[in-house]
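Sequence lines, in order, name chains A and B.
Using the numbering used here, the letters of the first sequence map in sequence onto residues 967 to 1093.
Using the numbering used here, the letters of the second sequence map in sequence onto residues 153 to 340.
Just so you know, not all the hints are guaranteed correct.
To be verified - Calculated pairs, BS3-like style, for lysine-lysine (alpha carbon to alpha carbon, straight line, at most 30 Å):
| no. | chain 1 | residue 1 | chain 2 | residue 2 |
| --- | --- | --- | --- | --- |
| 1 | A | 1070 | B | 259 |
| 2 | A | 1049 | A | 1028 |
| 3 | A | 1028 | B | 259 |
| 4 | B | 259 | A | 1038 |
| 5 | A | 1031 | B | 225 |
| 6 | B | 225 | A | 1049 |
| 7 | A | 1070 | A | 1028 |
| 8 | A | 1028 | A | 1039 |
| 9 | A | 1039 | A | 1070 |
None of these hints come from the bench; they were simulated from the model.
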Amino acid sequence: MTLSVALGPDTQEGTRTGTEASTDSLTAPDIPWNLVIWNDPVNLMSYVSYVFQSYFGYTESKANKLMMEVHKKGRSIVAHGSKEQVERHAVAMHGFGLWATVEKATGGPGGNSGKQGGSGQGKGKRG
Amino acid sequence: MAKAFKYGLKGITGFLEPAERELLRSLIDDVISMLQPEERANQDPLAAMIGLDMDVQEPTDRAVRRLLPNVMKNDDGASLEFRQLTERSLRETKIGALRAAALDLDKDDIVLTAEGARHWSMALNDVRLVLAERLDIRDEEDAEHVHLMQDWSQAEDVESYLALVYNFATWLQESLVQAMLQSLDTRA
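Let the sequences and hints guide you as you build the complete structure.
Printed below as a string of structure tokens:
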């Protein structure tokens, strides 16, 4: 796995459609995973939005909405996919300095069904 | 005085005084040295080459742990396994961005391509994350408190000095990211 390529936004598309599932026989291909971004008091709101726009290719309004969710709720699910896909995203997010984790999706798609954790974290970001 | 980054015909440009460049360079060097993977005598060179590190452990230093966080919230075992496969590459990615930014500090005027700006924003972010750990910024209140330190004549101890440096890096990163967002708008 060459992880440095994970930083390029355009490398993501190809892997979404292709031969992903066959490489890891231990993981059932149909179990969805979430990429979660956690709030911290250091990362700039503008930077978080920039990362969402430039890496995931999200529109400004979608990026800002997710960023505000991180800011206000302490966390946000910003992407779904196979385990391998969200892990690749997580490494890219760590490359940007965002605090990202992966977790098995427990509810329906898009549901805000994640575990409530990390409540001790600060709520704000420097702006 | 440094000038805020701005987006224009030449790309993203900025200007820093020699003392500011020197300061940034030393901050960047500090973060690089924290991220440098330690060399072990019995390391498998092939594994290292492809980015594997089967002996890796969760970092003990808080700041390094923030730079290289666990990938799962409640599963240290799986996180460690993931670290073995990815941490070395992640360290190299970060060091690459930090080194690229440090190279740009050799010139008076800073002119950045989109790629260069991305490296700078990552480097400044990592510098700020490390400073924030040293300043013990845990929540918004701590951050507000640090933010109040704006006057260099107030710098009388290490902590107040670090706070001023943190605020400078924050200001610089914010101006850079605003310029980067503007460049995204223009391209769209």
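Taking the hints in turn, this is what the structure says about them:
1. For the given pair, residue 1070 (chain A) sits about 47 Å from residue 259 (chain B) by alpha-carbon distance, which is inconsistent with the 30 Å threshold.
2. The straight-line distance between the Cα atoms of residue 1049 (chain A) and residue 1028 (chain A) is roughly 23 Å, inside the 30 Å bound, and the hint therefore holds.
3. Simply put, residue 1028 (chain A) and residue 259 (chain B) have alpha-carbon atoms about 37 Å apart, too far for the 30 Å limit, and the pair is violated.
4. Distance restraint check for residue 259 (chain B) and residue 1038 (chain A): the Cα-Cα separation of roughly 40 Å exceeds the 30 Å cut-off, and the hinted pair is therefore not satisfied.
5. A C-alpha spacing of about 23 Å is found between residue 1031 (chain A) and residue 225 (chain B), which places the hinted pair at or below 30 Å, so the restraint holds.
6. Restraint check for residue 225 (chain B) and residue 1049 (chain A): the C-alpha separation of about 15 Å stays at or below 30 Å, so the hint holds.
7. For the given pair, residue 1070 (chain A) sits about 23 Å from residue 1028 (chain A) by alpha-carbon distance, which is consistent with the 30 Å threshold.
8. Between the alpha carbons of residue 1028 (chain A) and residue 1039 (chain A) the distance comes to roughly 16 Å, so the proposed pair stays at or under 30 Å and holds.
9. Between residue 1039 (chain A) and residue 1070 (chain A) the CA atoms are separated by roughly 19 Å; this keeps the pair inside 30 Å, and the hint holds.
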